[in-house]
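*Asks:* Protein chains in written order, with our numbering: chain A, 1 to 90; chain B, 91 to 658.
Bear in mind the hints are in silico, worked out from the structure with no lab data behind them. All values reported here derive from a predicted model rather than from experimental measurement. Just so you know, not all the hints are guaranteed correct.
[Said to hold, decoys possible] Calculated lysine to any residue pairs in the SDA-like style (CA-CA distance at most 20 Å, straight line):
| # | chain 1 | residue 1 | chain 2 | residue 2 |
| --- | --- | --- | --- | --- |
| 1 | B | K333 | A | L23 |
| 2 | B | K650 | A | A11 |
| 3 | A | K6 | B | R647 |
| 4 | B | K333 | A | A74 |
| 5 | A | K78 | A | F3 |
| 6 | B | K650 | A | D82 |
| 7 | B | K566 | B | T632 |
| 8 | B | K333 | A | L37 |
| 9 | A | K4 | B | V628 |
| 10 | B | K650 | B | Q640 |
| 11 | A | K14 | A | L52 |
| 12 | B | K650 | A | E7 |
| 13 | B | K650 | A | F3 |
| 14 | B | K315 | A | D43 |
| 15 | A | K14 | B | K566 |
| 16 | B | K650 | A | L37 |
| 17 | A | K14 | A | R81 |
| 18 | B | K566 | A | M20 |
| 19 | B | K650 | A | L42 |
| 20 | B | K315 | A | K6 |
| 21 | A | K6 | B | Q637 |
| 22 | A | K4 | B | G651 |
[What the hints assert, rightly or not] To spell it out: a stretch of chain B is covered by chain A in this simulated footprint if at least three of its residues, at any positions, have a beta carbon under 8 Å from a beta carbon of chain A; those stretches are:
| # | segment |
| --- | --- |
| 23 | 126–137 |
| 24 | 158–171 |
| 25 | 195–209 |
| 26 | 212–226 |
| 27 | 307–321 |
| 28 | 331–342 |
All residues carry an ideal CB built from backbone N, CA and C; glycine is no exception.
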Amino acid sequence: MAFKTKEQAAAYWKANIRLMLTLLAVWFVVSYGFGILLVDLLDQVRFFGFKLGFWFSQQGSIYTFVVLIFVYVARMNKLDRDFGVQEDDS
Amino acid sequence: MDIQTATFLIVGLTFIVYIGIAIWSRAGSTNEFYVAGGGVHPVANGMATAADWMSAASFISMAGLISFLGYDGGVYLMGWTGGYVLLALCLAPYLRKFGKFTVPDFIGDRYYSQTARTVAVVCAIFVSFTYVAGQMRGVGVVFSRFLEVDITTGVIIGMGVVFFYAVLGGMKGITYTQVAQYCVLIFAYLVPAVFISIMMTGHVIPQLGFGAELADGSGTYLLDKLDGLSRELGFTAYTDGSKATIDVFFITAALMLGTAGLPHVIVRFFTVPKVRDARSSAGWALVFIAILYTTAPALASFARVNMIDTINGPDAQGTAYEEAPSWISNWEKTGLITWDDKNGDGRMFYAGDERNEMNIDRDIMVLANPEIARLPVWVIALVAAGGIAAALSTSAGLLLVISTSVSHDLLKRNLMPNISDRQELLYARLAAAAGICVAGYLGINPPGFVAQVVAFAFGLAASSFFPAIILGIFSKRMNKEGAIAGMLSGITFTAAYIIYFKFINPAANVPDNWLFGISPEGIGTLGMLINFAVAIGVSRMTAETPQPVQDLVESIRHPKGAGGASAH
């Protein structure tokens, strides 16, 4: 066992799931929310030369996706170290 | 220097680079052949994944497609990038920790069942062949257009090059050639985009030019002008959609889930040394993909304004055919632009209603862009090299999945478990060679439904692999009965829906007949939901997962102790 106790393993997995669901919520909101379901509402707002909903659909959601993955990488690497389950540097 | 000489020179140079890399990185073991020895740097793997993922269709057709669809084109942009978030958060790190070679490996071991493995192998081979036929066709088309050889010769040259580095180098050769191919294709995509952006808006960065005022001193925003033009000419406004919201939602989801379930993408994450590299590698892949995918919609809008202005003239009365720029007549020869002077005034006119006299193929938006923007010949040659790089990199990745499925999943893990590593490697090479021949044949004699089956491939991946893998990681309770029942019901439903509307009764393929208004392109999402529901239902009524499998699931959930990928 990589974890010292069963409780540790459960806590690690719970923290992992919570992080994943939080980030997936953002993922859903920017693409399906802003880019599709709320597009007509957001299109009332101007963002430079774009209608905001259109911008989220064709630009904004993609930038957000990139940021989400790197946030996940940083948070997970920290979580691994906190629980002592990171990979050995061999 | 004329266009043809420049193209021969630049395309020839890139081929020499690819072959040189293949010789330098040839594979000596199955481990190197399947997963490049598991030693690829995450950034390099990100680049290779991006090249693997972006096909001839992304490079040649996507900007044109968006340019004709406007807002609705967003389904491709979000759908083909959003899947990487799912890959990074829900799949890649766990599958890397699992540490085998293929997706059927995971399905077979996690569900302790040869049946499940076989279902996965059949899906993987079918999805990959569907794709690769289209890629070979893409190579042929680019060759024939820019080098004026016929399509068959073009396909054979392309087959020869892929044969050389895929058969010799396996995943190792493919990975490093894909890195080179990414550099070629992204450079070839950005150079014309930057020039056109400067020309039209004065911005160097196309993504900024997209939302800026036009450089003609009118003070009008590019997109406002495009919306105005679209309405005057009888189209829907560019920034408004014409598809139903539910359909846009389901198509986007099917493309995202399909991306996360495609075997040739997933297998790329088995090539990095560590679990944390698999996580960051997905991020890098998306960065490299996003560079092209955020440029494409900008390019699409520039090209559309440019095209309408050129054809309809500044006063929107049409341009006299004799005064048309030379690119129109150049591309008329290829049949990608046709003009039918309906009202007999000798002027071309493009519109969305009965005034229209033009028939314009969407592929022209990227291929003719350098000519429309009057860029030097070397840029035109570069676009040709970029299109070929995009097609070759994707076909190589797919061929590897096919050869691995045959030599590893089918022979080693199923029919001939006693073969040695060297024999397995030989079979892998033979399977890759056979795969190239079949792909080449399909490229030369394309079945009439190549375009339709792309939707099929995504729908299948979304409704079969994606739920099986997700449940395999996140639910210990999921057993083989549930997974197999789920995969079969998801696939059957999705395939039946697509086959009915695309092949049996295409005339009925209109929104009124669709289930909940979901088009065949988006039905994979519903298939996935059915898969999840059936799998969970069946697993609750059948025997519990054996303890060793529960331990396996426990061990892939954290990174410690991940070794290199291994066969056993």
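*Asks:* Confirm or reject each hint.
*Replies:* For each hint, the structure was consulted:
With a CA separation close to 28 Å, the supplied pair B/K333 and A/L23 exceeds the 20 Å bound. Distance restraint check for B/K650 and A/A11: the Cα-Cα separation of roughly 16 Å lies within the 20 Å cut-off, and the hinted pair is therefore satisfied. Of the supplied pair hints, the one linking A/K6 and B/R647 holds, its CA atoms being roughly 13 Å apart against a limit of 20 Å. Between B/K333 and A/A74 the CA atoms are separated by roughly 38 Å; this puts the pair beyond 20 Å, and the hint is violated.
Distance restraint check for A/K78 and A/F3: the Cα-Cα separation of roughly 16 Å lies within the 20 Å cut-off, and the hinted pair is therefore satisfied. Straight-line distance between C-alpha atoms of B/K650 and A/D82 comes to about 13 Å, which keeps the hinted pair within the 20 Å bound. Restraint check for B/K566 and B/T632: the C-alpha separation of about 14 Å stays at or below 20 Å, so the hint holds. This hinted pair checks out: B/K333 and A/L37 have alpha carbons roughly 12 Å apart, not beyond 20 Å.
A C-alpha spacing of about 35 Å is found between A/K4 and B/V628, which places the hinted pair above 20 Å, so the restraint is violated. Among the hinted pairs, B/K650 with B/Q640 is consistent with the structure: their alpha-carbon atoms are about 17 Å apart, no more than 20 Å. Proposed proximity of A/K14 and A/L52 is contradicted: the alpha carbons are some 36 Å apart, above 20 Å. Between B/K650 and A/E7 the alpha-carbon distance is near 17 Å, which keeps this suggested pair within the 20 Å criterion.
With a C-alpha separation of about 9 Å, the suggested pair B/K650 and A/F3 falls inside the 20 Å cut-off, and the hint holds. Under the criterion of a C-alpha separation no larger than 20 Å, the hint pairing B/K315 with A/D43 is consistent with the structure, at around 16 Å. Of the pairs offered as hints, the one joining A/K14 and B/K566 holds, with about 15 Å between alpha carbons and a cut-off of 20 Å not exceeded. Restraint check for B/K650 and A/L37: not satisfied, since their Cα atoms lie roughly 41 Å apart, outside the 20 Å limit.
For the suggested pair A/K14 and A/R81, the alpha carbons sit about 16 Å apart, so the restraint of at most 20 Å is met. At roughly 18 Å between alpha-carbon atoms, B/K566 and A/M20 fall within 20 Å of each other, so this suggested pair holds. A C-alpha spacing of about 45 Å is found between B/K650 and A/L42, which places the hinted pair above 20 Å, so the restraint is violated. Our distance criterion of 20 Å between C-alpha atoms is broken by B/K315 and A/K6, whose separation comes to about 63 Å.
Restraint check for A/K6 and B/Q637: satisfied, since their Cα atoms lie roughly 16 Å apart, inside the 20 Å limit. Between A/K4 and B/G651 the alpha-carbon distance is near 15 Å, which keeps this suggested pair within the 20 Å criterion. With 0 residues having a Cβ less than 8 Å from any Cβ of chain A, the segment 126–137 of chain B misses the three-residue criterion, and the hint is violated. Only when three residues or more bring their CB closer than 8 Å to a CB of chain A does the claim for the segment 158–171 of chain B stand; here the count is 6, and the claim holds.
Restraint check on the segment 195–209 of chain B versus chain A: 0 residues with Cβ-Cβ distances below 8 Å, three needed, restraint violated. Given a C-beta distance limit of less than 8 Å, the hint that chain A covers the segment 212–226 of chain B is violated, as 0 residues qualify and 3 are needed. Residue count for the segment 307–321 of chain B with a Cβ under 8 Å from a Cβ of chain A: 4. That meets the three needed, and the coverage hint holds. For a cut-off of 8 Å, the count of residues in the segment 331–342 of chain B with a CB near a CB of chain A stands at 5, and the three-residue condition holds.
In this structure, the hints that do not hold are numbers 1, 4, 9, 11, 16, 19, 20, 23, 25, 26, in rising order.
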